[in-house]
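Student: When you get a sec, could you build the whole thing from the sequences and use the hints?
Protein chains in written order, with my numbering: chain A, 1 to 290; chain B, 1 to 173.
Among these hints, one or two may not hold up.
Taking lysine to any residue pairs in the SDA-like style, the calculated list, with each CA pair at most 20 Å apart, reads [claimed, not checked]: (1) B/156 with B/118; (2) B/108 with A/13; (3) B/108 with A/230; (4) B/147 with A/6; (5) B/147 with A/4; (6) B/108 with A/11; (7) A/202 with B/108; (8) A/219 with B/147; (9) A/202 with B/156; (10) B/156 with A/230; (11) B/156 with A/219; (12) B/108 with A/7; (13) A/202 with A/230; (14) A/219 with B/128; (15) A/202 with B/128; (16) B/108 with A/219.
Bear in mind the hints are in silico, worked out from the structure with no lab data behind them. All of these numbers come straight from a predicted model, not from anything done at the bench.
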Amino acid sequence: MNSFETRLAERLHDMADGDFDSAAPIVGVLARGWAAGPRRTAVRLAGASLAVLAAGGVVTTVAVHPWSAERSGGVAAVPQPPEMALMAAVAASDGVSYELTLTTVVKSTPGSPDQVTTGAFDPVTRTGFTHTPYDDGPGFSEQRLVKGVRYLGDAGIDRKIVWRKVAGTFDSLDFAGEAAGRLGASADPAQLRAILRDRGAKVTMTGDRTYHFTFAVAKKDLLPQSLSDRFAGDVTVGADNRIATVTYERTLQWAGKSPGRKPGPPVVMAVTMAFSDYGAPVTVEAPAAK
Amino acid sequence: MTDPTGPRAAAETSFVTFMELAWSRHLRLAMLLTGDRLRAEDLLQDSLVRMYERWSRLDRRSDPHAYLRRVVVNTHTSWWQRRRRESLVAEVPDRAAPAGFDADVELKRALDGLPPRQRAVVVLRLYEDLSERQTAEVLGCSVGNVKSQYARALAKLRELVREPNYEEIWSNR
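Tutor: Right, dumping it as structure tokens:
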């Protein structure tokens, strides 16, 4: 490729890398597809699923194994590249309550202790909790989400928890901000799902129910003062066709502390998420008022 | 009503999942082919409808993204030919943009000046980073044809796309 072609390629990428994000017109395409031929008229999503689509939801909540159409016999094979098969499992895990054990360790800091958070969340009722013991004593932190109202608690050496209510209402647990610290953002299941949905994620199938993914955050989406942010990990899909475990390493390169200074070594963090008890009810009470 | 856990619903689900993944990825390709956001969305939607009609018959081993890319390129060519027959094609610029141009506008106008096959070859080679052989597969033509279309397109773009004057830029700093 000569220099003219190289510059042309760069300009094409610049043109295409603008903010063109929009939602896929799922209902429109399916409706036109159904209308296109008599064969399609016999094919309908379940009413509930269509309602989800029409309301702007992502995909049907029906739990379907990526290869179930083929395995059930008598039906034409459905093409499924690995990222799609994984997305089907992600979609099946969306909108359902779950229990979670989240283990985080900063590998780039030798001797850094594991931070283990346990919790549960029901996105329908916007109710859940997390519990994170401190690594340097008997204290711990907790958060409770009760019908969208968030409470953050902190217990010291006396194990007496002090609660405060956060203003506003929320749709999810806080894995990023006050409850988890700066790097906690990378351990947010919702963020991970967003990553897997991102067009830049590369997915390969490594086994019957296991997938490997790599992802580099686009320049425009990098955290302030960071130079690069990469994820590499593995996902295991359980027998219920939902996400069972996710393990990944995140390598985050911060910029130098001042202009012209060399950046330090990257922060490398290892995260393990284990999901269980999908669909089980999650009951959390608001802390007692003082 | 279709059984929501049945195989047909599974096919629908898999297509919806694919569409979620494919939309933003191929919208950029459609943008570069049409040069217009709304037409790009129309083009991609038309292409997805065509693909949906064939979804359950597609070979599972083939890459559906590659298939969609082929449908998008071919649908765009069909559109262009139909528009030309209907004499609705926009006026094509025949010279470089005037001074003070915006680089993207200039490149967009230059791309608009290419016939659809040449434009597709340029976009597939330089944006999608496809080899000559892969480009030939998308367009359903020979490698030799891709080479000649690409050479013609580049010659035309060299005339229409001005390179930044780096000496002038440096001297003004």
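Student: Within a Cα-Cα threshold of 20 Å, do residue 156 of chain B and residue 219 of chain A meet the stated pairing?
Tutor: Not OK: residue 156 of chain B and residue 219 of chain A at ~32 Å, beyond 20 Å, violated.
Student: Residue 108 of chain B and residue 13 of chain A: Cα distance at most 20 Å?
Tutor: Between residue 108 of chain B and residue 13 of chain A the Cα gap is close to 12 Å, so the pair holds against 20 Å.
Student: Does residue 11 of chain A lie within 20 Å of residue 108 of chain B when you go C-alpha to C-alpha?
Tutor: With a Cα-Cα distance of about 10 Å, the restraint between residue 108 of chain B and residue 11 of chain A holds, given a limit of 20 Å.
Student: Could you grab the alpha-carbon distance between residue 202 of chain A and residue 108 of chain B and see if it respects the 20 Å cut-off?
Tutor: Since the Cα atoms of residue 202 of chain A and residue 108 of chain B sit roughly 30 Å apart, the hinted pair is violated (cutoff 20 Å).
Student: Are the Cα positions of residue 219 of chain A and residue 147 of chain B separated by 20 Å at most?
Tutor: 33 Å, violated
Student: Between residue 108 of chain B and residue 230 of chain A, does the CA-CA distance stay at or below 20 Å?
Tutor: It is violated: about 33 Å lies between the C-alpha atoms, which goes past 20 Å.
Student: Keeping to a limit of 20 Å between CA atoms, is the pair of residue 202 of chain A and residue 156 of chain B held or broken?
Tutor: Not OK: residue 202 of chain A and residue 156 of chain B at ~36 Å, beyond 20 Å, violated.
Student: Assess, step by step, whether the Cα of residue 202 of chain A is no farther than 20 Å from the Cα of residue 230 of chain A, and give holds or violated.
Tutor: Satisfied, since the Cα-Cα distance of roughly 12 Å is no more than 20 Å.
Student: Are the Cα positions of residue 147 of chain B and residue 6 of chain A separated by 20 Å at most?
Tutor: Holds. Residue 147 of chain B to residue 6 of chain A sits at ~17 Å (cutoff 20 Å).
Student: Tell me if the straight-line CA distance from residue 156 of chain B to residue 118 of chain B falls inside 20 Å.
Tutor: 10 Å, holds
Student: Keeping to a limit of 20 Å between CA atoms, is the pair of residue 108 of chain B and residue 7 of chain A held or broken?
Tutor: Roughly 14 Å separates the two Cα atoms, so the pair holds.
Student: Straight-line Cα separation of residue 156 of chain B and residue 230 of chain A no greater than 20 Å?
Tutor: 40 Å, violated
The structure is inconsistent with the numbered hints 3, 7, 8, 9, 10, 11, 16, although it conforms to all the rest.
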